[in-house]
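Engineer: This is what each chain is made of:
Number of protein chains: 2
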Amino acid sequence: MNGQNSALLTDLYQLTMLQAYHREGMSDTATFELFVRKLPPNRNFLVAAGLEQLVEFLENFRFSDEECEWLNTLGYFAPEFVAYLSDLRFTGDVYAIPEGTAFFQNEPIVRVTAPISEAQIIETRLINIVQLQTLIASKAIRSVLAAPGKLLVDFGLRRAHGAEAGLMAARAAYLAGFDGTSNVLAGKLFGIPIYGTMAHSYVMAHDNEAEAFGRFAESLPDNVLLLIDTYDTLEAARKVVALAPKLAEKNISIKGVRLDSGDMAELAKAVRSILDAGGLSECSIFASGDLDEHELGRMLEAGAPIDGFGVGTRMTTSRDMPYLNCAYKLQEYAGRPRRKRSKGKANWPGRKQVYRHYDDNGFMLHDLITEESESHIGGEPLLRQVMAKGKRLGSQETLTAMQERLRGQLLQQLPPALKSIEESAPYAVFISDGLKRLVERMDGAGL
Amino acid sequence: MNGQNSALLTDLYQLTMLQAYHREGMSDTATFELFVRKLPPNRNFLVAAGLEQLVEFLENFRFSDEECEWLNTLGYFAPEFVAYLSDLRFTGDVYAIPEGTAFFQNEPIVRVTAPISEAQIIETRLINIVQLQTLIASKAIRSVLAAPGKLLVDFGLRRAHGAEAGLMAARAAYLAGFDGTSNVLAGKLFGIPIYGTMAHSYVMAHDNEAEAFGRFAESLPDNVLLLIDTYDTLEAARKVVALAPKLAEKNISIKGVRLDSGDMAELAKAVRSILDAGGLSECSIFASGDLDEHELGRMLEAGAPIDGFGVGTRMTTSRDMPYLNCAYKLQEYAGRPRRKRSKGKANWPGRKQVYRHYDDNGFMLHDLITEESESHIGGEPLLRQVMAKGKRLGSQETLTAMQERLRGQLLQQLPPALKSIEESAPYAVFISDGLKRLVERMDGAGL
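Chains as they are written, first to last, in my numbering: chain W, 1 to 447; chain S, 1001 to 1447.
The reader is advised that the hints may include incorrect statements.
Listed below are the simulated DMTMM-like cross-link pairs for lysine to aspartate or glutamate, each with C-alpha atoms no more than 25 Å apart in a straight line [what the hints assert, rightly or not]: (1) S:1188 with W:80; (2) S:1345 with W:290; (3) S:1150 with S:1028.
Covered stretches of chain W (chain S as the covering partner; in silico rule of three or more C-beta atoms under 8 Å from a C-beta of chain S) [to be verified]: (4) 187–194; (5) 208–219; (6) 271–277; (7) 404–411.
Not close to chain S: a few residues of chain W, all C-beta gaps over 10 Å, as computed [as the list claims (entries may be wrong)]: (8) 67; (9) 131; (10) 319; (11) 359.
It is worth saying that the hints were derived from the structure and are not from the lab. Idealized CB from N, CA, C, for every residue including glycine.
Full structure from sequences and hints, please.
Structural biologist: Have a look at this one:
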């Protein structure tokens, strides 16, 4: 089972529509845009992510011979259409908001202009790729905001929704400001720093906890992090203190302890006292277990002396809202703007751009969504061209560069109210007069 | 990026623990069990799923040469340990509850017995594989229960959490009783029936809706399903009626229409009237768009004449609870039971079995969790051996067989109260006296 690179990772209707376009000879240029209709509750902004994987997908898009043979067995498709599919490549232009940029409702984050069949066939996987990382980056940054200056590590692989979800979540969390991940493969693929301690099973496999601690320390002397909640946390902290001088004789120091259950704010205070009294003031305390931004905020507000957090399942699955209300919609075909008017799902037509306006101190004031062709005054255009005629423009941006872009925005541009993990008054996103007039003209003409 | 088969798809601490075990010469047999601590709210039972993918993972588990070379560059691991990893295979025994079986809290659904390092290193991906499909099957079956006899199709790929999530969700939903999926690759890989109609973009790319309908019908004459909510649903239904006689001349009949927005219960009634009045009583109505089991229940209760549903994002992401509170825990090492006592996370120790008891009519009465070695009276053991010495036992079960097992349970065994999509009184899961005595002995001895 190895599907992530397959062009068949799509909805059947994309293929039935393509067959109809093919039969009708409809091959004019179309523009589709991906946007989020509405921010989820408790998200004051979203963070664009996943563009790198999207570009890789588009550059490599093709149906293999074996896939075409299989399509021919289905009885849905004419052989000449399948032959056409086997030659199909993505040759379009792509504009996108760079990864690590804050954005808001109705703002196109990816704009694709290509012959209609090419722009259509990529829809399902395009959403699948960009939605996930954008969702997770937008969730992960809330932990970053709740625990400034603390070490944050993604622990979510095991309950992520499959392999790709775990890898993409590690990447998105790092982009959002996490320090690293427990996910070894994410370290290899993306160069993300990897972190790890021990599991309860390691302690339980030994006949006593102190013996487990000592042996683990000798096995990994440069990075001794001990999990102390398997039986009794405070008792285990005392064992750590008792062990320290013995390890010191071997030039091994205990770098940190991890808590994974109980009232961790209270436990951290008690453990800190035990460690300090035992001369281990350099030994850090790390916490994990069912954490999210709210838990982090509560613990730090309660004065918990915790130096770092492993944030797992609730971040990796975006527990409170595990998807974005996003859509990839046809906005223009054959040079004419198009508009869906379905109830509750109407959208702004035409090929668009987003301009961000800043105040004199460099803080974001508002965004303006315009027709691409519209003349406008000032503001920073958010959508940049990333592919031309199916090829990547420029070189691949590093994850670190994206992380820095976002950190810069957080510090210097994002209005302070939006940085709360509580819901703030919404950021202003305006629709240009040109776009409003376009809608009036289209609705007036019944288009 | 191609990670799903990599042994590096794991948490770093698995590798640091393995290095410690290796250094200590700890290689005795361990038993780990995967179980769910607590059912999520609104789940009266869970459905085991994902075992097939787990067995494939275990049979093929290995670190590649390239992965070992990379591990050697990290500085965490001794070269002799990495050499040991390169030879590591899974040689253990696995017992599991068959896919498509209802189960409950604290019941081991997978039990692994192997040399401790083998049983440990597989933890992360084992949870990652089984948790996802079990989560989705347990969510999807709620739509099956809410809409008995209706056509149900998985539409969730685009907002699933990546490629693997979309594929596994399609499989899990089918296992749970869905009729098919829109996911073409899932059709190819798992033999699941695939379904599809058209998107709004198809309608919008044409200059008028009626023309779009007509052309689509001619392109796919055997399977004419028309999306009618792009502009005005009732108007579109009238266009369908007007189109039908023209298509009939070409021996094409309109199989169905799809609604995707608005008050679909009301719209379905109005559309049904229009279709019936126009002689299209054979034309079915299919609904999609932000659906879940509650929406299905409400629409059907309101008497909506809907024949089938596309259930997407909310099912594929398990919207209301996107993860299971599950754990894979060491229960026995070197012949001795082990028990974690962390606050709120204590578990039942030892190698276990689950016996299901039925009443005279064949309905499930209660389950009993016992030590594996315990003598007991009656009941059906749920855990069956699926791997011996690292090899699959018997042949691969078909998805259809699993689907039938589950359908049989729903009809003939599951207590009717549990089949409600509202929360019912919990099913009784008892802990055997032997297991309780074991815990007392272990706690008494401070183990």
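Engineer: With reference to the structure, classify each hint as holding or not holding.
Structural biologist: Hints and how they fare:
Pair hint residue 1188 of chain S plus residue 80 of chain W holds up; C-alpha atoms about 21 Å apart against a cutoff of 25 Å. A distance of roughly 12 Å separates the Cα atoms of residue 1345 of chain S and residue 290 of chain W; the hinted pair therefore holds under the 25 Å criterion. For the proposed pair residue 1150 of chain S and residue 1028 of chain S, the alpha carbon gap of about 52 Å is over 25 Å, so the pair is violated. For a cut-off of 8 Å, the count of residues in the stretch 187–194 of chain W with a CB near a CB of chain S stands at 4, and the three-residue condition holds.
Counting residues of the stretch 208–219 of chain W whose beta carbon lies closer than 8 Å to any beta carbon of chain S gives 4, which meets the minimum of three for the stated coverage. Look at the stretch 271–277 of chain W against chain S: 0 of its residues bring a Cβ nearer than 8 Å to a Cβ of that chain, fewer than three, so the hint is violated. Chain S is given as covering the stretch 404–411 of chain W, and this is violated because 0 residues of the stretch bring a CB closer than 8 Å to a CB of that chain, at least three being needed. The Cβ of residue 67 of chain W does not lie farther than 10 Å from every Cβ of chain S; its closest approach is about 8 Å, which violates its non-interface assignment.
For residue 131 of chain W, the non-interface assignment is contradicted: its Cβ lies about 6 Å from the closest Cβ of chain S, within the 10 Å cut-off. Distance to chain S contradicts residue 319 of chain W as a non-interface residue, since its nearest Cβ pair spans about 6 Å, not more than 10 Å. For residue 359 of chain W, the non-interface assignment is confirmed: its Cβ lies about 36 Å from the closest Cβ of chain S, beyond the 10 Å cut-off.
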